[in-house]
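4 protein chains.
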Amino acid sequence: MLLYLKSKDLLCEARERLTELGLEHTFLPQTQVFELKADASIYAPRVIKERLEEFGRIEGGRERTPLLDLLPARHEVVVKGRTFAPISFRNQAKPVWIAGPCSLDEENDIRENAKRLSGLGVQVLRGGAVKPRTSPHEFQGLGNKGFQILAEAAHEFGLAAVSEALSEADVEEAVRHLDIIQVGARNMQNFPLLKKLGRAGKPILLKRAPGSTLREWALAAEYLLSEGNRDVILCERGVRGLERELRYTLDLAGAAFMQERYSLPLVIDPSHATGLKQILAACTAGILAMGFAGIMLETHPHPVNALSDSLQALAPADFAAIADRFLRPAAVNAIDKH
Amino acid sequence: MLLYLKSKDLLCEARERLTELGLEHTFLPQTQVFELKADASIYAPRVIKERLEEFGRIEGGRERTPLLDLLPARHEVVVKGRTFAPISFRNQAKPVWIAGPCSLDEENDIRENAKRLSGLGVQVLRGGAVKPRTSPHEFQGLGNKGFQILAEAAHEFGLAAVSEALSEADVEEAVRHLDIIQVGARNMQNFPLLKKLGRAGKPILLKRAPGSTLREWALAAEYLLSEGNRDVILCERGVRGLERELRYTLDLAGAAFMQERYSLPLVIDPSHATGLKQILAACTAGILAMGFAGIMLETHPHPVNALSDSLQALAPADFAAIADRFLRPAAVNAIDKH
Amino acid sequence: MLLYLKSKDLLCEARERLTELGLEHTFLPQTQVFELKADASIYAPRVIKERLEEFGRIEGGRERTPLLDLLPARHEVVVKGRTFAPISFRNQAKPVWIAGPCSLDEENDIRENAKRLSGLGVQVLRGGAVKPRTSPHEFQGLGNKGFQILAEAAHEFGLAAVSEALSEADVEEAVRHLDIIQVGARNMQNFPLLKKLGRAGKPILLKRAPGSTLREWALAAEYLLSEGNRDVILCERGVRGLERELRYTLDLAGAAFMQERYSLPLVIDPSHATGLKQILAACTAGILAMGFAGIMLETHPHPVNALSDSLQALAPADFAAIADRFLRPAAVNAIDKH
Amino acid sequence: MLLYLKSKDLLCEARERLTELGLEHTFLPQTQVFELKADASIYAPRVIKERLEEFGRIEGGRERTPLLDLLPARHEVVVKGRTFAPISFRNQAKPVWIAGPCSLDEENDIRENAKRLSGLGVQVLRGGAVKPRTSPHEFQGLGNKGFQILAEAAHEFGLAAVSEALSEADVEEAVRHLDIIQVGARNMQNFPLLKKLGRAGKPILLKRAPGSTLREWALAAEYLLSEGNRDVILCERGVRGLERELRYTLDLAGAAFMQERYSLPLVIDPSHATGLKQILAACTAGILAMGFAGIMLETHPHPVNALSDSLQALAPADFAAIADRFLRPAAVNAIDKH
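Chains as they are written, first to last, in numbering that gives the first Met the number 0: chain A, 0 to 337; chain B, 0 to 337; chain C, 0 to 337; chain D, 0 to 337.
To be clear, the hints were calculated from the coordinates, so they are not data collected in a lab.
Quick caveat, the model's predicted, so the values are computed rather than measured.
Hints are supplied without guarantee of correctness; some may be wrong.
Said to hold, decoys possible - With a cut-off of at most 25 Å between alpha-carbon atoms, the simulated DSS-like pairs for lysine-lysine come out as follows:
(1) B:K36 - C:K201
(2) A:K144 - B:K5
(3) B:K5 - C:K5
(4) A:K5 - D:K5
(5) A:K79 - A:K144
(6) A:K48 - D:K36
(7) A:K36 - D:K36
Stated by the list, open to error - Residues on chain A that point at chain C, a partial pick, calculated with CB under 10 Å:
(8) P131
(9) E155
(10) Y247
(11) A272
Claimed, not checked - To be clear about the criterion: a stretch of chain C counts as covered by chain B if any three or more of its residues have a C-beta under 8 Å from a C-beta of chain B, and this derived list gives those stretches:
(12) 27-34
(13) 255-268
Each residue gets a CB set at the ideal place from its N, CA and C atoms; glycine is no exception.
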């Protein structure tokens with residue numbers, strides 16, 4: 000993006016504004032032009048233009064996410080259902096708690112889970128039905144008939160239900176039963192699936208792929224918007240970095256960038272990101288303080304029996320301790336802020 | 000994995016063997032047990048057991064890829080068709096050259112391309128029909144009708160055709176026309192697609208996801224094998240690292256590990272990995288010398304008009320220069336080796 | 000590490016305990032042995048042994064950081080000086096605020112800065128004197144005479160002073176003037192410097208190298224302890240990952256792991272980690288909530304004139320806004336917690 | 000960098016040239032300006048300007064490495080000594096072989112080593128004297144008195160000697176005895192050490208830090224040049240990425256970029272990069288074929304007794320096998336090329 004400075008007298012002031020905006024810039028004195036690195040900015044091209052127009056004409060600045068850039072600041076996604084009150088996902092507002100097991104195994108467990116979580120103030124029940132497993136020799140889940148099992152348990156106790164649609168073939172069943180459809184990290188750039196979900200008429204929880212940049216994540220959301228679905232919730236679950244003791248590197252600052260730059264509500268999943276339940280209370284405290292729209296935690300009635308991720312799942316007592324410490328006060332704080 | 004040393008006298012010799020095998024180990028003197036880090040070894044658990052059995056009983060050592068571990072060393076994948084001679088993909092043998100444009104645009108171009116590439120010694124024609132594009136606002140390809148266009152051009156000039164099936168919905172059309180079906184980097188862990196392709200009866204070219212570990216890549220191949228398809232060719236195309244000037248980090252040593260550990264033939268794609276045509280000749284020299292089963296290069300008749308990846312595509316003259324330098328001598332060398 | 004189960008009857012209970020501890024384990028039924036991946040655990044080997052001893056004899060488990068492992072939980076580092084009240088760095092206690100410019104340029108600025116920051120509740124003044132600059136053609140700092148300038152400004156207003164010693168040659172001058180000596184990210188594994196600082200008798204702020212693992216960071220601290228210095232404060236300032244819009248990836252979960260595993264107080268520097276002042280308020284909220292011992296922010300009286308990092312430095316008004324929102328309430332909260 | 004197109008008629012031709020150069024560009028039609036992303040280009044700013052000047056005036060394009068940019072293509076570094084023939088390090092010429100143990104332990108070993116390696120055609124003997132060890136509890140080397148031991152062994156058998164100076168305090172002794180002074184990966188950005196070595200009057204082998212970008216590496220070399228030392232050899236030894244089975248990710252394509260962009264001779268160290276001797280023959284083949292100026296391999300007379308890196312060191316027979324296969328033919332090939 001180029002800013003053709005309209006008068007030499009504005010040079011100092013323009014420099015100050017650019018510094019204030021945090022925009023990398025180079026001034027070319029012969030032609031009185033500022034070259035701007037607008038591409039990586041926290042502001043949409045349109046915003047940059049507005050903030051600089053007093054200094055001269057501006058040209059260039061590719062709009063990569065025109066649909067996202069039309070969203071209002073702190074865009075709200077409301078999840079509705081007949082059996083629960085509308086749930087609002089919105090950054091800097093009251094955070095939504097999503098909890099449940101990594102994968103569904105038996106029907107009874109999930110009912111008990113739902114009842115318990117509902118009593119603690121959780122609003123959304125998660126549970127994997129069709130499981131994307133790294134190895135073909137691991138438990139592959141109940142299949143998409145699990146959507147109904149999950150949803151019935153959730154709805155009986157006033158919760159919304161979220162689960163992953165692993166393939167285009169799962170979408171119809173997912174739409175029938177689920178309140179939010181999850182796109183898993185491995186499917187973030189499964190574009191045919193994104194296109195189909197963009198037309199599905201349900202809120203989507205779009206997880207970040209562990210090897211993806213922030214822009215690739217935003218562009219995956221843009222796919223959903225390009226098919227008409229603006230009910231998109233982003234979910235950070237860790238990226239690949241230098242981690243040896245943790246499962247992934249939880250990119251909270253990157254999520255804070257996304258919140259500002261792209262307006263979509265963000266949910267953070269520290270369970271998968273870290274794989275380590277001993278630091279989940281600290282992570283929860285940080286996530287809630289940073290103003291994200293929600294948090295997703297993995298909990299299982301008997302972690303030792305879980306068919307996947309048994310080491311990272313919170314046992315009921317551990318989850319209750321976290322909920323007691325953060326879930327009710329968070330609600331109170333959020334009300335204060337309004 | 001534990002090695003219960005059967006006699007103190009074998010301690011020194013066991014240590015030497017473990018060092019020779021490059022196996023991380025800790026000796027527990029009280030119980031005369033070696034703890035082995037077999038999980039990251041270049042040898043399959045079975046091989047380690049064979050190489051150590053003279054020192055005592057061995058227990059543990061999870062077999063994560065039992066089907067891959069049954070393949071013979073230097074497993075060969077042969078691609079057959081009515082219009083071309085069988086093409087053998089095998090590490091440490093004569094390398095197969097795959098070339099063509101990133102995406103198909105017009106039919107004439109691809110015929111011309113095919114003719115030219117065939118004349119230079121290329122055996123497989125590549126060309127994207129259904130394109131996975133990071134942004135919904137970029138050219139999305141011709142769709143899977145492009146498979147037929149590609150295949151007709153390839154077959155007319157004695158080449159095999161490879162293209163990406165982006166979704167389960169593309170598989171039928173891909174099976175009808177293509178000789179090798181590519182799984183793209185973004186789909187490496189699209190497990191429903193892998194399962195369907197495992198039953199498709201065609202050789203599969205499985206690209207590595209840029210954020211995946213070597214084991215995740217091997218397990219994606221294991222999915223294909225678990226459905227009965229042993230005709231799997233791996234393709235390294237760069238991982239995410241510290242690159243700023245290049246597109247990805249080309250992991251040639253990782254590919255060398257895969258060659259040894261999992262026996263599948265490997266093809267290397269330096270065009271996508273680096274995004275920089277000025278270093279492709281050097282990379283080609285290295286790839287061929289390392290004994291991989293094949294190389295895949297991007298070439299376009301008029302790079303400036305390419306609808307994707309125009310900067311990295313080799314112009315005809317540049318590709319011809321590389322082929323002249325490496326394709327014929329490589330053929331000669333390979334024959335010498337036999 | 001191996002656990003030799005002393006009775007079959009304890010198998011289920013042992014499994015539950017291992018799951019509870021989050022310890023990866025494999026049970027070898029023939030010999031009734033659990034292989035444990037203790038190396039990456041959040042517990043020191045000694046702790047694991049204590050928590051498992053009721054199930055049988057335990058062997059192995061290398062102690063990599065024996066000196067760190069002797070520290071009490073929530074080890075406290077107290078910084079003392081004649082002109083300011085003792086400053087306590089301790090995780091889960093009242094957090095210390097460190098602020099100031101990236102590099103010192105003129106004496107007057109730093110006095111003004113010190114006065115203003117002191118008035119807002121900041122306790123430690125930072126400012127680079129000998130600057131490690133990526134390029135030899137960039138401003139290299141005032142040299143170690145700057146330590147005195149910084150310290151005088153700090154001490155006049157009741158603040159402690161921290162600055163980086165870039166080389167062994169800086170240590171003497173640093174010891175004379177500074178209250179805390181910083182080891183920069185690029186010097187984290189400069190072992191001769193660490194050894195000298197381990198004998199310097201001053202608290203050390205040890206920044207994490209952007210390419211280092213958590214264990215390498217801990218081992219760098221172990222170097223300081225091995226020379227007798229237990230007054231070590233760790234500082235997370237971002238690692239290399241997938242960031243394009245931000246400068247580094249801020250690894251808050253990794254820092255939470257360090258807090259638990261190694262007991263040393265942690266300070267977080269979101270300014271260098273993100274390079275983006277627009278998300279510093281959100282990051283500050285998260286950092287304080289997570290219970291770290293301190294936060295370090297970059298502020299400059301006139302960012303546009305800063306000789307380094309001008310885009311990321313907070314202007315006085317921006318810093319004051321953050322301090323107003325978080326510094327006083329944090330003090331209050333911390334008191335509540337005691 | 001901006002190109003002010005001097006005539007509309009040149010638009011197509013300019014686009015073709017930019018594509019040919021692989022330069023990312025955006026055309027701004029109103030002002031007939033091309034914005035160029037010259038910063039990440041494989042060409043120095045001066046070269047880009049020369050290649051584009053026919054299309055119009057060019058402004059901008061920061062010269063970050065002005066001294067490196069003055070070097071001729073394929074800059075040669077010649078290492079001289081009284082007891083060996085001059086050794087030329089130059090990309091695309093006859094590669095230099097550097098070999099020896101990770102760390103020196105006993106004098107006799109290194110003499111035997113030197114004799115054996117000399118007989119195989121190796122030209123430079125390596126061996127660590129002052130060892131940078133991740134843990135303070137590991138063997139720290141003989142200290143800088145080891146420089147003399149190494150050099151005497153090398154010189155007796157007509158080899159040059161290379162070893163790491165860990166600190167400014169080692170430089171004097173290093174200059175006295177060594178023929179090439181190594182800057183270790185952890186010290187790549189130890190700027191005081193670089194400055195001192197820039198004035199030391201000896202060739203420097205500058206290893207890449209595992210978390211550094213290519214530009215940071217080039218700028219570290221620029222420090223050496225800025226003090227007057229143009230005898231700089233770069234050494235790639237692996238970066239941090241997704242590796243689990245290997246020690247680091249060997250960035251051969253990044254090294255190929257460096258060769259083209261910055262002209263300095265490159266040596267590749269696959270031993271440290273991979274930590275896996277079973278793939279060293281394949282890596283050696285690739286490295287030699289890519290035209291790098293040299294290769295560095297770790298070899299030890301009795302790997303099981305090595306005090307560091309015992310698993311990755313090649314035993315004498317393994318090293319001899321690699322030398323037999325690659326060292327003599329490489330010499331022959333290189334002569335052919337001239």
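Hints, verified against the model:
1. Taking the CA atoms of B:K36 and C:K201, the gap is near 41 Å; set against the 25 Å cutoff, the hint is violated.
2. Proximity of A:K144 to B:K5 is assessed by CA-CA distance (about 52 Å); at most 25 Å being required, the pair is judged violated.
3. A distance of roughly 22 Å separates the Cα atoms of B:K5 and C:K5; the hinted pair therefore holds under the 25 Å criterion.
4. Proximity of A:K5 to D:K5 is assessed by CA-CA distance (about 22 Å); at most 25 Å being required, the pair is judged to hold.
5. For the given pair, A:K79 sits about 22 Å from A:K144 by alpha-carbon distance, which is consistent with the 25 Å threshold.
6. Between A:K48 and D:K36, the direct Cα distance comes to roughly 21 Å. Compliance with the 25 Å bound is thereby established for this hinted pair.
7. With a C-alpha separation of about 10 Å, the suggested pair A:K36 and D:K36 falls inside the 25 Å cut-off, and the hint holds.
8. The restraint placing A:P131 at the interface with chain C is violated, with a minimum CB-CB distance near 21 Å, outside the 10 Å limit.
9. Because the smallest distance between the Cβ of A:E155 and any Cβ of chain C comes to about 29 Å, over 10 Å, the interface hint for this residue is violated.
10. Annotation: interface hint on A:Y247 holds; nearest CB of chain C at approximately 9 Å, less than 10 Å.
11. Taking 10 Å as the C-beta cut-off, the interface hint given for A:A272 holds, the closest approach to chain C being about 6 Å.
12. Requiring three or more residues with a Cβ within less than 8 Å of a Cβ of chain B, the coverage given for the region 27-34 of chain C holds, as 5 such residues are present.
13. Counting residues of the region 255-268 of chain C whose beta carbon lies closer than 8 Å to any beta carbon of chain B gives 0, which falls below the threshold of three, so the coverage claim is violated.
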